[in-house]
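Colleague: Protein chains in written order, with the numbering used here: chain C, 443 to 1130; chain B, 443 to 1130.
The reader is advised that the hints may include incorrect statements.
Put simply, identical chains are the same to the list, so a pair is met inside one copy or across any two.
[As the list claims (entries may be wrong)] Derived BS3-like pairs: lysine-lysine, alpha-carbon spacing no greater than 30 Å straight-line:
| hint | residue 1 | residue 2 |
| --- | --- | --- |
| 1 | K1068 | K1130 |
| 2 | K1044 | K1130 |
| 3 | K676 | K508 |
| 4 | K482 | K958 |
| 5 | K676 | K1068 |
| 6 | K961 | K534 |
| 7 | K702 | K773 |
| 8 | K596 | K702 |
| 9 | K732 | K482 |
Read the hints as simulated data drawn from the structure, not as lab findings.
Number of protein chains: 2
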Amino acid sequence: MSYPQESFTQTSLLPGSLIARRREVVSSNTLLYQLEVLKKTGRYDAFKLQWHPSYSDEPETWPIPKHLFWDSDIGKWIEGACYFLHNQPDTKIHSAINDLVKMIRSAQQPDGYLNIHYTVVEPGKRFTNLRDFHELYNAGHLIEAALAHNALYKNNDLLDPLIKYVDLLCQTFGPGKDQTHGYPGHPEIELALLRLYRRTQNPKHLELARYFLTERGNPTGVDGRHYYVVEAEKRGDPAHARMSYWGGNDNALWYYQAHKPIVEQETIQGHSVRAMYLLTAASDLVGMSKIQGGRPSDDDHAQRLKDAIYRLWDNMVDRKMYLTGGIGAIKQWEGFGLEYFLPQSTDEGGCYAETCAAIGVMMLAERILQYDLDRRFGDVMELCLYNAMMTSMSHDGTKFTYVNQLASSDADLSKREEWFTCACCPPNVLRLFGQIGGYVYSDMRGGNDDVTQVNVHLYVPSRHEFEVGGGHQDQKRAGLTQRSNWPWEGRVEFEIEGVGTNAQVSIALRIPSWAKSWKITPPLPPDNTTLQKGYLVLPSHWVSSSPKFTLDIDISPRLISPHPYTNQDTIAVARGPVIYVVEDVDNPWATDHFKSLQIDPKCSIHQHHVTDDTTGDTFVALTIPKGGASVLNLSELHAGPEIEAEELHKGSTGSMVIDTNLNFVPYYFRANRGGKGQARVGLRRWHK
Amino acid sequence: MSYPQESFTQTSLLPGSLIARRREVVSSNTLLYQLEVLKKTGRYDAFKLQWHPSYSDEPETWPIPKHLFWDSDIGKWIEGACYFLHNQPDTKIHSAINDLVKMIRSAQQPDGYLNIHYTVVEPGKRFTNLRDFHELYNAGHLIEAALAHNALYKNNDLLDPLIKYVDLLCQTFGPGKDQTHGYPGHPEIELALLRLYRRTQNPKHLELARYFLTERGNPTGVDGRHYYVVEAEKRGDPAHARMSYWGGNDNALWYYQAHKPIVEQETIQGHSVRAMYLLTAASDLVGMSKIQGGRPSDDDHAQRLKDAIYRLWDNMVDRKMYLTGGIGAIKQWEGFGLEYFLPQSTDEGGCYAETCAAIGVMMLAERILQYDLDRRFGDVMELCLYNAMMTSMSHDGTKFTYVNQLASSDADLSKREEWFTCACCPPNVLRLFGQIGGYVYSDMRGGNDDVTQVNVHLYVPSRHEFEVGGGHQDQKRAGLTQRSNWPWEGRVEFEIEGVGTNAQVSIALRIPSWAKSWKITPPLPPDNTTLQKGYLVLPSHWVSSSPKFTLDIDISPRLISPHPYTNQDTIAVARGPVIYVVEDVDNPWATDHFKSLQIDPKCSIHQHHVTDDTTGDTFVALTIPKGGASVLNLSELHAGPEIEAEELHKGSTGSMVIDTNLNFVPYYFRANRGGKGQARVGLRRWHK
């Protein structure tokens, strides 16, 4: 079991690739830009515990005060900044971290308590609204910041106060008679505590995480009733407030994934970021149990947890995920809706696909891959990386989206904002890019034999250092380097170094499920070419004899559709892991957000390497030549509730061929070049 | 200007037609059945003003007590019963009406006030919640009951107390300094007051209706603020309660069609029944103004109101109406959603299509036809009658639906209930069938000449009596009889009687827009065959010389689809005005609510006159012979967010032809014969 937050230090990105360039933009622009925003908005100084004028503002979403997440905004920025400082020292960033750590230390109360809102705004009310007030969520992000800080600076300046706070939490929460039987409305602290435990080995830290994960959803947690119901009653919440907003009289416990214990949950529901953080922690707990033959052997609960994670993953990926990897279609509760209900835009019924949720999917996928090397997790992780996540940041790293719709509308144009009141997403992108190397590889040390297996999940040009498991040679460290122009070209060259001829190193390469063909050079013996759950495992004897090898993956454009039950009879263009979009900048004739545009499933697609004039970005652009696309001839349609069925698909009469090429750019690249803000991923299937 | 509630007495249905048989079922079963339910549930005795145990129940939808509509349930039953007693005396019904009238009279307060809830449950709080508490809505239904009672019994036993109550309302509401500047959250009293005015000619009654209609949505009605905002504040409503349930912080005034004055409203929004009742009243007001050349001449406000009605009608019919005529897709607020958002079932995003809303569409269409003879109103009126409305009642008239979905799901099977807590729909069906004759014809007396024009909107076999306009002959009354087996056969035979050779009677026949062809016999002179807004106007000289004539309308089955922007790539089967449905009773292989079923747009359709074994009903059933339908082969589809576009439509591999006929029955006939409760109107288009 390892964590990308730690293992990323083993991997250096080689310059020039798409991901390396995005990370470089974050490092050189976003980090400082976000620091300025933190300062400008009052967040930076908030741990000084002075009153800020915005504390008096009316909540935008009742009952959540706008400053409620400020602790986490700071925590996430520190965490991300520490990841970047590992290989790029920066005195300005360094001194801001120092400053913030001092302020956080000074904000700690004598008993260890550490939270801005409940110290400044509502003193005396701590732990009275675990459900909605993000107190433990904030604690979790500060713990993650402290761990990153500790790993970078090798001191305990931030870790000590957090451990002291956690001690208070360990006393406060738990199954004991005098303890509170609660758990956070927004999970986060669970995964932070499990990492903290790995650092401290203090069993209380593990136990608190386990308690939060198993107590959650207990219908009889407090005197035979649900903790959140009792808590709301104690607060005297007005009846039918907030909860009913999310649909009915059931207290909307599903919103918090607290309607039943995790192990009993059948479908993925509620707030999507909460769901992902929760399942990531649950997955960490599973990974920490001993797994044999795919089953955790030591713990029936771990097995039930693992079953639940798989059940919820499948439900999410097969029925509630957009083509871009985005999840959570419903704006109202920032979360999952009906199965197969995946409209592309606000004017078609909604599309949310929050940035943090896509990051959450990546976190969960990465954690499952630690104990189950199956490409269905790796494929989705890569899909989210290049699309749902990466589309949230502008080319220069200073503008963001919170919502990542697949199509624009007059009500919601395709454009980015500089910041958000609820600013969870931008610093989350920051810390993800900081640790991105940790998502590229994972190392598995053999149980019974001495083989080290290096798993390659992502084809990001990089050099990965790892420990060689066998004791038969001198050197303990070895390196694997991959070079490519991924995702624009499908050729990846590998080179392994520092491995003696007797070294026991195998390598597993993910062969994406969308790849129509692939080839390894030099060729493998025929009995080694069978994929194991979608990974090609290169045995150690072959690796020893072939320290340099090349993987070629067919990366030609493909046309894809969502499941027919989505009622989206649409076609999107993809190439490798990259999903494409049409924008009005490249197709200036568009006036209706491409809503009436149709493409021929038999169209040809031209590809060209381009360097964009405005941004200097390079990528492969795609074009459907004239004749392959048309628009619905709506003026021909009789108005009213019914249209003659034959009228709809009568070829040239019902459709007007567009008299120009149709131009696509990668979805992540949208909204970088001005224009009218019109864009669309899934286009109508042109039935000829 | 006339009202179907009054003009229905001019029309006698001939026995044997579908509509006559439905009306007969209502007369013989529903009327008594509903009386029993009124007694059993406590409604019947509620005007005795005793406490009923249910008054203590928690509201199902905050803050509406369950008994809040009881006054209207009684009112609607009395109204409907009076319509039936016109031609079918019944002592039991008669004495129940007598009883109820006595109780209502005894419930009136000395100052005229008349309402169960505010007399028994919350005395002293009258007129404090116009927005949500249905006080004026109830008053409206009691006025309609009183008018029906007065017309039948020619006494004022019920009308007097209602006029006294209206006098109190006229004092209470209005623009005066000491008057309340409010209006009902649920319109109904407006249309009732306009009819009352026609009876009383008391200008105060007209003025109150006009006030409610024009003051509605005034942003500065009370001290520069919106009436509902001020009212809620006065009540001390908890913040974010109820209103926010419907989506946000704007007080959800759109839910009540009170977000702006009617004349300024651009799109149809909010609760669909409220919208229809409101626009019906608005349309009555327009109809009462003098219209010349299609424009109300005397009143700029009437013209603006007329423009708004047309704008909202078009928005509704073109973008927010189901193939069945159902409106209001959104369950949460029983109303209109996004444009083109018309999912068929709960598991696809919702489908509400409330029965009362379909009745409301018929009311509105009938009112507009009074001043604008255009088939687009008549077509929709007929569509609602045979489908969205008629599907709400079981074959025996004792079971009902409130929601009329186009497809079932596991969560919402296709089945009927015996009654509802909020019981607006069943008595609404009752009173509609009672007055249905009033929807079949309308008479127009010429302005400058002496011609009477009889407009035939519906082809319901019947005899219609009307006054002949000219003074040149002896008899003043004439009759038009139509005979047919409509909607099963397209031949309609007409006969006009009592019209002398000089009589000035023209007849306008609606030629439905779905009719591919039609023929009149004896033939018309060629220069008379042009339709005028979809009506064939038979000139008086032709009518004089052809007192018997036949209209033949092509009624062969057709395949229809909703607008492509609905993202419903579906095909439904229709024949004449009747929309068809597949049910598992006739297609027992179905296990997925026909969700994966596809039909070939080029399929043939067989039709057979059948008599149903279970119910004895006769109708035309339809069949698509083996080979014309298939099911999606979902097991062939790769799971995950993307599917290869070509995989979806690869003919025989992606689809499995079903090995049997596919059987359809009329949509109105669904849920009458047991089965698993699986049904669907719109079926996937099979792309071969």
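Colleague: All hints, please: hold or fail.
Modeller: Okay, the hints, checked on the actual structure:
In this assembly of identical chains, the alpha carbons of K1068 and K1130 lie at most 30 Å apart whether taken from the same copy (16 Å) or from different copies (25 Å). With identical chains, the CA atoms of K1044 and K1130 are at most 30 Å apart both within one copy (10 Å) and between copies (14 Å). When the C-alpha separation of K676 and K508 is checked against a cutoff of 30 Å, the pair qualifies both within a copy, at 23 Å, and between copies, at 28 Å. Within a single copy, K482 and K958 get their C-alpha atoms no closer than 50 Å, and across copies no closer than 69 Å, so neither meets the 30 Å cut-off.
Taking the shortest Cα distances, K676 and K1068 never come within 30 Å of each other, neither inside one copy (66 Å) nor across copies (64 Å). With identical chains, the CA atoms of K961 and K534 are never at most 30 Å apart, being 47 Å at best within one copy and 88 Å at best between copies. In this assembly of identical chains, the alpha carbons of K702 and K773 lie at most 30 Å apart whether taken from the same copy (23 Å) or from different copies (26 Å). Within a single copy, K596 and K702 get their C-alpha atoms no closer than 41 Å, and across copies no closer than 64 Å, so neither meets the 30 Å cut-off.
Taking the closest pair of Cα atoms, K732 and K482 never come within 30 Å of each other, the shortest separation being 48 Å inside a single copy and 64 Å across copies.
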